[in-house]
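A.B. asks: Chain by chain, the residues run as shown.
There are 2 protein chains.
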Amino acid sequence: MSGEGEFEFIASRLAPLSEGAPGAAGLKDDGALIDLDPGETLSVTTDTLIEGRHFPEGGDPELAARKALRVNLSDLAAMGARPFGYCLNIAWPGEGVSARPEPFVRGLLAEQQRYGVRLMGGDTTRGPGPWTIAVTAFGRRPAGLSLRRAGARPGDSLIVTGTVGDAVLGLEALQGGDLGLSRGDTAYLVARSLTPEPRLPALAAMRRHARAAIDVSDGLLADARHLATASDLRLDIDLGAVPASAPAQAWMAKQQDEATARLRLAAGGDDYELLLATAEPEALIAELARAGLPAALIGRFEKGAPQVTVRLGETELTPDDWGFTHF
Amino acid sequence: MSGEGEFEFIASRLAPLSEGAPGAAGLKDDGALIDLDPGETLSVTTDTLIEGRHFPEGGDPELAARKALRVNLSDLAAMGARPFGYCLNIAWPGEGVSARPEPFVRGLLAEQQRYGVRLMGGDTTRGPGPWTIAVTAFGRRPAGLSLRRAGARPGDSLIVTGTVGDAVLGLEALQGGDLGLSRGDTAYLVARSLTPEPRLPALAAMRRHARAAIDVSDGLLADARHLATASDLRLDIDLGAVPASAPAQAWMAKQQDEATARLRLAAGGDDYELLLATAEPEALIAELARAGLPAALIGRFEKGAPQVTVRLGETELTPDDWGFTHF
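So the sequences go chain by chain: A and B.
Per our numbering, the very first residue in the first sequence carries number 1; after that it's consecutive.
Per our numbering, the very first residue in the second sequence carries number 1001; after that it's consecutive.
Only chain A is shown next, with the shape it has when bound in the complex:
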């Protein structure tokens, strides 16, 4: 592999990932072409992952590839869009492409097959910095769909899919922390951190019943606040209603103070669950369940200054930490 240049890497490794995407032209053109059917709108989202910041330094390139794709597919899910393709910008560190392509490409291929997406374009270069991967993902959604971050209305319920807080515990274990849990529980939490599951099975239910959505990347509290701010509403959340996985519950049982523990899980980030505002919480939860996705009602939007109040049952909490701010 030593000395392999950009063009050979693209032709031999990446071009096969574009098979089945006619607009990608085998990655030989300056860009990709995308056609839409009548009544479709294109959704575009993009996220950059940097080694040592968003995935472990010296970690498995296959996992980096998988996470880079999944966090973007999660954004498309939050927009009610079905993914079909992506572009890839890679800045290789000093040694260039030679050390990493095989597991990296294997990871991309696994996710392509899992989620039905194809590589459509991108660029690769080499820089003096860390390995940097930017994915720009494309999805289609119905043209008339009004789902957006600012769509919540007074009286709407806040629903969350899945469980919250697994990823922050998994990250602690990855960084050498001892959670005091069984090996199996720890492995579950680590997997939730490394390979989050974009909640694409929620699409049909969301399109029908949700008015606003966001995926939990910065943390439940931070992303709930994004929803409240965008919709210009107060939002009350009951942390006691936020679902936790069995391993996270086992961890909570070992903590001295439930409120502190629950706040930590809610501020942690990287869950890639969906927060949904809806006027029809029962119908939404039932339809999500039929799609295989458990979900729970955890809060309510009201008229008022755009902020989040956090309770544990009847006790109002004052979070010190509101989650990830990117800087």
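Hint data in this document are derived by calculation from the structure and do not stem from the laboratory.
A portion of the hints provided could be inaccurate.
To be verified - Some chain A residues near chain B, calculated using beta-carbon distances under 8 Å:
no.: 1; residue: LEU33
no.: 2; residue: GLY39
no.: 3; residue: THR41
no.: 4; residue: ASP47
no.: 5; residue: ARG53
no.: 6; residue: LEU76
no.: 7; residue: THR125
no.: 8; residue: PRO130
no.: 9; residue: ALA150
no.: 10; residue: PRO154
no.: 11; residue: GLY155
no.: 12; residue: ARG211
no.: 13; residue: ILE214
A virtual CB, placed ideally from N, CA and C, is assigned to each residue, including glycine.
Position chain B relative to chain A; hints supplied.
C.D. replies: Using the frame of chain A, we list chain B on its own:
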């Protein structure tokens, strides 16, 4: 500015750049929405620029912004697509956003006004590496357009717009080299290197008369070879016919060997002129001239093994350097 976080930076600095782009939702959503009219195809292209590699370390952030946009608009021009928007991924170096936003945003705004594009989405983060800017640009082109890199046919002429070799000389001056030219000539070449001009005025003529196109980023020779390879044809180029600017001609007049000098200009890269394959060279050149773009016939595609033969008049040359390879 110290301590400004991602959200404040996006809201105060970047969101104004999305005005007039309804699908950008003021940059508050997880992504952007793009609608197409019937008969339109979306073109997408993306390029990453790294400080110290693609623009000068410690240089003017305004120039970095302008170049990052222009190289992508040049790719859209090569696809026959009219740009309308872009997404932006920024990885700030260690000190974060604080040192650079004003000139950077000013540069983006200037280019938006010049080229009629709007910011539609993106992400910003901070990493341990150099300042890294990836732009993903969007354009529209007619759905039936067959223009692509692989479109050349035997007997087609190769046309180049503008002049070739200015950027490599400008880069040499930027890096402290003495070109032996007047201050005015040197400044012209430096400007051609720092702020290349995407050849968007060529769009109408290209759509009508060209079958294949590429923009000259890796160098005339390297990009001509990309065209020949993609189209599976031999390509003969006469370097004596490649237009040079007056400053580049003044530089050539000082070189001992014309062939060596012309090869250097043709291998240099970063010109962002267009190479076009056409069966109607006279009509294409005339229509480009009416659009204000001088252009010249410099070569011809023939049946044969996909390679480029380079002549200076009647003498066949053997280039040592075929241009930029990205690694």
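A.B. asks: Among all the numbered hints in the text so far, which are the ones the structure does not match?
C.D. replies: Of the numbered hints, 2, 10, 11 and 12 do not hold.
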